[in-house]
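Enquirer: Here the protein sequences come in this chain order: A and B.
FYI, the numbering used here numbers position 88 of the first sequence as 88, with every residue one higher than the one before it.
FYI, the numbering used here numbers position 181 of the second sequence as 341, with every residue one higher than the one before it.
Keep in mind the hints are simulated off the structure, nothing from the lab.
Here the structure is a predicted model, which means the values were calculated and not measured.
Each hint should be verified, as a subset may be incorrect.
[Claimed, not checked] Label pairs and their calculated CB-CB ranges:
{"hint": "1", "chain 1": "B", "residue 1": "V190", "chain 2": "A", "residue 2": "A28", "range": "54 to 60 angstroms"}
{"hint": "2", "chain 1": "B", "residue 1": "M161", "chain 2": "A", "residue 2": "G48", "range": "50 to 56 angstroms"}
{"hint": "3", "chain 1": "A", "residue 1": "A21", "chain 2": "B", "residue 2": "A180", "range": "19 to 25 angstroms"}
{"hint": "4", "chain 1": "A", "residue 1": "I22", "chain 2": "B", "residue 2": "T215", "range": "23 to 29 angstroms"}
{"hint": "5", "chain 1": "B", "residue 1": "T215", "chain 2": "A", "residue 2": "S55", "range": "38 to 44 angstroms"}
{"hint": "6", "chain 1": "A", "residue 1": "D144", "chain 2": "B", "residue 2": "G292", "range": "47 to 53 angstroms"}
[As the list claims (entries may be wrong)] Part of the chain B face toward chain A, derived, beta carbon under 10 angstroms:
{"hint": "7", "residue": "I216"}
{"hint": "8", "residue": "S251"}
{"hint": "9", "residue": "I254"}
A virtual CB, placed ideally from N, CA and C, is assigned to each residue, including glycine.
As a plain string of letters, each chain reads:
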Amino acid sequence: MQSEGETKNGRRDFMRAAIAAIGGVIGAAIGLPAIPYVIGPALKSEQGDWIRLGSPTKVELDTPTLFKTTLETQTGWISTQEEFSVYILTENGQDFVAMSNICTHLGCRVRWIAEESGFFCPCHNGVFAKDGSVQGGPPPRPLDRFETKVEDGNLFVRRG
Amino acid sequence: MLATLGNWLEERIGWRSVWATIFLRKIPHVNWLYTLGSATLFVAMVQGITGILLTIYYVPTPDHAYDSVVYITTQLPAGWFIRGLHHWGASAMIVLTAAHLLRVFFYGAYKYPRETTWITGVLLLLVVVGFGFTGYLLPWDQKAYWATTVGTQIAGLVPFVGDWILRIARGGPELSAVTLARFFGTHVWVLPAALASLIGVHLYLVIRNGISAVPSRGE
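Whole structure, please, built from the sequences with the hints as guidance.
Expert: If you want it as structure tokens, here you go:
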């Protein structure tokens, strides 16, 4: 009788362990793929292509010049036209600095105001100097810069 | 540690008697065919989980439905796997539900006192078929479109009220954005609510009445 009781418990324990193991494997088989499935699109890095802005002669000397272009971007399954703006600054017509027009504080668009000689953000009065450095207000860091190159008489920038 | 937590909870919510009622109930000596109901329940849970995951990306409008499904299948990590589980799970649901029904039928397990269990089971079968029918349209590809055209057309053959049923199913005389939206709403809200409620009653009855033994000769 004693041994029979032991076998019964043994079988019961075995079943319990087997159910837990199989359940764990099935749970992992669904649960683990679910993680990259949900967070996947968020992790996609967007190393942009070179964006053509046009002739570098359009850049005024020593004053940030706004270039606008529309980009074809793919978000999820939808391809959309995105308005892309960038400020280009040059001291000598040879070397170019490309600055984002997005305020580093909370993402509003800044505007160059020539009379005041600064970039102004309408949202929280952030002010940036000609080279993008912070002059006042809440922005934590200078305006973001993009890589630039001149090729075949065209100015290109690339988002990092 | 786990035992301590178990005891702490037991003292406050009494889960052990609930656990024992559900999982440690006495059953007659039965065979593997008796697992078909549990298998159906298990696949239903997989369908629920993968279905919820699919709604994170799926968009039920004619201009996005197909593209979002392609996006899930080809662009997302493990998207093909999640959708594949839901796709094949749908077929498994129909097969398992039917097999479970046949087992209950041929073993005479629907008889007194289990008639209500049988009736809720038949309603569950209708819900499962409804899931299959509404879900089939959602990828919005050619097969989906024409299958639903034909399916709703068949519903339209009912004498007298047929045309009325067809219009309600399609949300108009033709398949349209309205059809896709109402099939989606039915698939992810109406039917899951019905399924959950009916499963609750069905399981309550299974536990309350116990399961029937394998019938023997002369019974």
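Enquirer: Take the hints in turn and mark each one as holding or not.
Expert: So, going through the hints one by one against the coordinates:
In this structure the hint that V190(B) and A28(A) lie 54 to 60 angstroms apart at CB is violated, the actual value being about 30 angstroms. For the pair M161(B) and G48(A), the beta carbons lie near 51 angstroms from each other, so the given range of 50 to 56 angstroms is met. Restraint check, A21(A) to A180(B): a C-beta distance of roughly 23 angstroms satisfies the suggested window 19 to 25 angstroms. A hinted range of 23 to 29 angstroms for the beta carbons of I22(A) and T215(B) is consistent with their spacing of about 28 angstroms.
Range check, T215(B) to S55(A): about 49 angstroms between beta-carbon atoms, so the 38 to 44 angstroms window is missed. In this structure, D144(A) and G292(B) meet the distance hint of 47 to 53 angstroms, their C-beta atoms being roughly 52 angstroms apart. At about 6 angstroms, the closest approach between the beta carbon of I216(B) and any beta carbon in chain A falls short of 10 angstroms, and the interface hint on this residue holds. At its closest, the beta carbon of S251(B) sits 18 angstroms from a beta carbon of chain A; the interface hint therefore is violated under the 10 angstroms criterion.
Restraint check, I254(B) versus chain A: the minimum CB separation of about 20 angstroms is more than 10 angstroms; hint violated.
Taken one by one, the earlier hints fail for this structure at numbers 1, 5, 8 and 9, listed in ascending order.
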